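Chain order of the listed sequences is A and B. Reading the first sequence from the start, the letters are residues 1 to 263 in this note's numbering. Reading the second sequence from the start, the letters are residues 1001 to 1651 in this note's numbering.
Just so you know, these hints were derived from the structure itself, not from any lab. In this text, all values refer to a predicted model and were calculated from it rather than measured experimentally. Hints may be right or wrong, so weigh each one.
As the list claims (entries may be wrong) - Below, computed lysine-lysine pairings styled on DSSO-like, alpha-carbon distance capped at 27 Å:
(1) Lys1155/B <-> Lys37/A
(2) Lys155/A <-> Lys1150/B
(3) Lys155/A <-> Lys1345/B
(4) Lys1301/B <-> Lys155/A
Said to hold, decoys possible - Example chain A residues on the side facing chain B (calculated, C-beta under 10 Å, incomplete):
(5) Phe121
(6) Leu125
(7) Glu136
(8) Arg138
(9) Ile145
(10) Asp146
(11) Ala152
(12) Ile153
(13) Asn207
(14) Asp208
As the list claims (entries may be wrong) - Label-pair ranges, simulated between beta-carbon atoms:
(15) His63/A <-> Arg1144/B: 57 to 67 Å
(16) Asp1096/B <-> Asn113/A: 35 to 45 Å
(17) Gly1630/B <-> Asn113/A: 20 to 30 Å
(18) Thr68/A <-> Asp1130/B: 39 to 49 Å
(19) Gln1289/B <-> Ala78/A: 21 to 31 Å
(20) Leu204/A <-> Lys1314/B: 58 to 68 Å
(21) Glu1519/B <-> Ala246/A: 43 to 53 Å
(22) Gln131/A <-> Ala1261/B: 32 to 42 Å
(23) Glu1506/B <-> Leu204/A: 20 to 30 Å
Glycine included, C-beta positions come from ideal geometry on N, C-alpha and C.
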Amino acid sequence: MTYQDVKPGEVLLAVDNISLSFGAVRAISDVSFDINKGEIRAIIGPNGAGKTSMLNCINGFYHPQQGTITYKGQKRSAMKPYEAAAQGIARTFQNVALFKGMSTLDNIMTGRNLKMKSGIFSSMLWYGGAQKEELEHRRYVEDIIDFLEIQAIRKTPVGRLPYGLQKRVELGRALAAEPELLLLDEPMAGMNLEEKEDMCRFILDVNDEFGTTICLIEHDMGVVMDISDRVMVLDYGGKIGDGVPAEVRANQQVIDAYLGGGH
Amino acid sequence: MTNKEQEFDTFPKLIRRNADVRPDRPAYREKEYGIWQTYTWKDVYENSRSLALGLVDLGMQRGDTVAIIGSNRPQLYWVFAAAQAVGGLPVPIYQDGVADEIQFVLEHAEAKFVFCEDQEQVDKVLSVIDKCPNIRYLIYEDDRGMRHYKQPNVKSYKDVQAQGAAYDQKNAVFFDAEVNKGKADDIATIMYTSGTTGRPKGVMLSFRNMGEAGRLSVEFENLTENEKVLSYLPMAWVGDHLFSYSQASTAGFSVNCPENAETVLTDLREIGPTYYFAPPAIFENLLTQMMIRIEDASAIKQKMFHYFVDVAKKCGVEIMEGKPVSFMDRIKYAIGDILVYGPLKNTLGFSQIRVAYTAGAPMGPEVFKFYRSLGINLKQLYGQTESCAYVCIQNDRDVRPDTVGPPAPGCEIKIDDATGEVMFKSPGTFVGYYKNDEATKETKDPDGWVHTGDAGIMTDDGQLKVIDRAKDVGKLTDGTLFAPQYIENKLKFFPFISEAVCHGHERDTVTAFINIDLEAVGNWAERRGISYTSYQDLANRDEVYAQIKECVEQVNKDLAIDSELAGAQISRFLVLPKALDADDGELTRTRKVRRRIIAERYETLINALFSNVETVDIESQMTFEDGRQGTLKATVKVRDADTYPAMRAAS
């Protein structure tokens, strides 16, 4: 499979020939791909293809044994997830990872953590600059709540929310960090049709309104083909397809991987 | 006197007065970004002024129609004031209507300007704009998602206001001169009826109609500028227009718009309205939820709750109405108020209520009495679009669950001897139907009496009792009076039943379609470990049928006591596999049953009800929330219900 023509727009993140193993298990072998600024980039593939491992590499949770990751023109050394976050990479998780006992509002507020500057004591006393700062952050969070239409659950502990809404809150928390690159790990898993449609609209709106670059993993082929600009397909840790949705759909290797033939 | 009358005979004039005498009083609030944003009467005046001039600058002429589509937002209420100030005709449209319904009104009203709340409404209008050649501009309030709309005829609310402000700079006297041109007998607004039969009709209401109805009801209830109302019912419904616009600008009180449809209950609690309106279904829902939550409470709390609710049942209403009550009961009620009623009302957001109304459908007497016994002054109201929703209001000291009260001040009522139809004469009587003189003549006779289409009875002491829609009242083959809505309402009093449709005109017996209430029945099923996969599945369970059968038989027992209607008991029923829905045309937007359409669509089911079959197969078209069509296939069970011999009431 050769590279397809890349849309105009600079390369935000490039992955070059990375390989990742856990002992004898090869999760990713020699995969290269890139994400352009402003696009919606999908990674698809059967279970165990290495999609989540790829995201984990991008946001610094795993460190590939071989290959390089270049972010905004800079080769990255092994970094910690919080360093990646500080550079503008935010993510959501396959299994929702929120603070169950905290309200929607507070959960999203934690996404602002990196933007907060006041010290622990002035924050505790809610005094002076800390007060002003919190109000500013609250205003930003309220914008997100309005954007995601979750006003009705603002003060509800997220543990009590249905799964679809928890996913939305998690997206909200990722957005609160004002990310440049947003990684979404199966944002629509386990949702019904209506929830999926809502989530699709939010993803497109995020991309459109905030200009956020989005890289998402998704199983629902219909969704992926509808909303992504480019799709990369992984199977058994290797890349078997990459291109605009129509090309990927016509790719024989991809069809085989999904229909179980050819192995 | 005449001068004074002229001074305040239109709403723009009233708003100008309010901006003058109470500039800093809150007029409209909306919750946004989690905070209540307040607009004072001065803000309302200034905003509607710039908006009006913006419209003029865009080429609006006196007499042009301005359509308004959206949920309750202060900015959309100002459109009424802005359009009226410069001689425009505001026409509110139900915002949940599908494109086809909206198109009809836009076309019929010849709307030139269309105000849309957000992208969703803009898209709807754009999808039909080719069929509405009169539309010149679309103006949207919320700019989210609108950045790619580059059409020259799509404008933002703020831009129009900015244009108006610039116009005001050049021509500062224009606005006041235009406002002063308004007269009491000008048409203030056209309200489209929800259309139980066929297409909606445009009801023309003058400033005198809306203004007098507002003024008289404000005086009747002693409403002041300190009242707070929550405006959450459709803006296109005449009741909301009366409360949130006419009365608000007359009395100068504040109107509070919830953040969105899902936050209404939270917002209600935060605002604590002093004056509140809700259809019976909302009060019934609240009570059901309350009871479910009490069942989950600790034993002590449950005991306390039930004890004091019994105390309230015994003497609460009497205490509120100022009737004699024993000293002991008063003490018990006072304790109950501290321990139960007060906290309960606080949780519901009802602590400050002085007047609460319900209308549109009868309310279960138990539910009605429950709220009144807690000290909430809940009353019934009777009216229709053609009367500005102002015909009957119950008096504070004489509230009965089965009547809608005596004629309100300024109104007269008579019952047509031949047909039993309720007729009224009131200051709110509409001018006529827009572009439909024939219908106007049929409805309003030359002396000013208006046919309501409701069948009713006047009690001996002058209170009106509404039974049903006159055209729906039929007869069984043996001549027994058949009032379907009367029976359906009795069925709907049960929490398990959300909707019912009875059949029986020119038949031997009465039969019924039942819609179960998914929340109530679902909760009941969960508690008993009955599993189900969907609405359709739940509706078809034998356990559910058994419950519904009990409800139906209870209704039959009630009917047996009623000498006139004893023969019209329900002999067979079935539970519909889908909820009747306005999107499928089965209900109107105000959730009234459209009998003719239901009779056509479910003909096979009706035939099954009047035969001996046990089950019947149907296929029906249904519309999903997103507008896609689907087919519903189901096998429906038909069950018999016991009927009871007629008996005289024990009393």
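Now for the hints, and whether the structure bears them out:
A threshold of 27 Å between alpha carbons decides the hint, and for Lys1155/B with Lys37/A the separation of about 31 Å lies outside it, so the pair is violated. The hinted pair formed by Lys155/A and Lys1150/B fails the criterion: a straight-line CA distance of about 38 Å is larger than 27 Å. At roughly 21 Å between alpha-carbon atoms, Lys155/A and Lys1345/B fall within 27 Å of each other, so this suggested pair holds. Straight-line distance between C-alpha atoms of Lys1301/B and Lys155/A comes to about 25 Å, which keeps the hinted pair within the 27 Å bound.
A least Cβ separation of about 27 Å between Phe121/A and chain B goes past the 10 Å threshold, and the interface hint is therefore violated. Among the interface hints, the one on Leu125/A is violated; its C-beta lies about 23 Å from the nearest C-beta in chain B, farther than the 10 Å criterion. The restraint placing Glu136/A at the interface with chain B is violated, with a minimum CB-CB distance near 12 Å, outside the 10 Å limit. At a threshold of 10 Å, the smallest CB-CB gap from Arg138/A to chain B is about 8 Å, leaving the interface hint in force.
For Ile145/A, the interface hint holds, the least distance from its beta-carbon to any beta-carbon of chain B being 7 Å, beneath 10 Å. A distance limit of 10 Å between C-beta atoms decides the matter here; for Asp146/A the minimum to chain B is near 7 Å, and the interface restraint holds. Evaluation of the Ala152/A hint against chain B yields a held restraint, the C-beta minimum of about 4 Å falling below 10 Å. Of the supplied interface hints, the one on Ile153/A holds, with its beta-carbon coming within about 8 Å of a beta-carbon of chain B, less than 10 Å.
With 10 Å as the threshold, the beta carbon of Asn207/A stays out of range of chain B, its nearest partner Cβ sitting at about 12 Å, so the hint is violated. Taking 10 Å as the C-beta cut-off, the interface hint given for Asp208/A holds, the closest approach to chain B being about 8 Å. At about 40 Å, the beta-carbon gap between His63/A and Arg1144/B misses the expected band of 57 to 67 Å. A hinted range of 35 to 45 Å for the beta carbons of Asp1096/B and Asn113/A is consistent with their spacing of about 40 Å.
At roughly 46 Å, the beta-carbon separation of Gly1630/B and Asn113/A lies outside the given 20 to 30 Å, and the hint is violated. The supplied range of 39 to 49 Å is broken by Thr68/A and Asp1130/B, whose beta-carbon atoms lie about 55 Å from each other. Roughly 54 Å separates the CB atoms of Gln1289/B and Ala78/A, a value that falls outside the hinted 21 to 31 Å. Our hint of 58 to 68 Å for Leu204/A and Lys1314/B holds, since their Cβ atoms are close to 60 Å apart.
For Glu1519/B and Ala246/A, the Cβ-Cβ distance of about 44 Å falls inside the hinted range of 43 to 53 Å, so the restraint holds. A hinted range of 32 to 42 Å holds for the C-beta pair Gln131/A and Ala1261/B, which are about 33 Å apart. For Glu1506/B and Leu204/A, the Cβ-Cβ distance of about 56 Å falls outside the hinted range of 20 to 30 Å, so the restraint is violated.
Of the numbered hints stated above, those contradicted by the structure are hints 1, 2, 5, 6, 7, 13, 15, 17, 18, 19 and 23, listed in ascending order.
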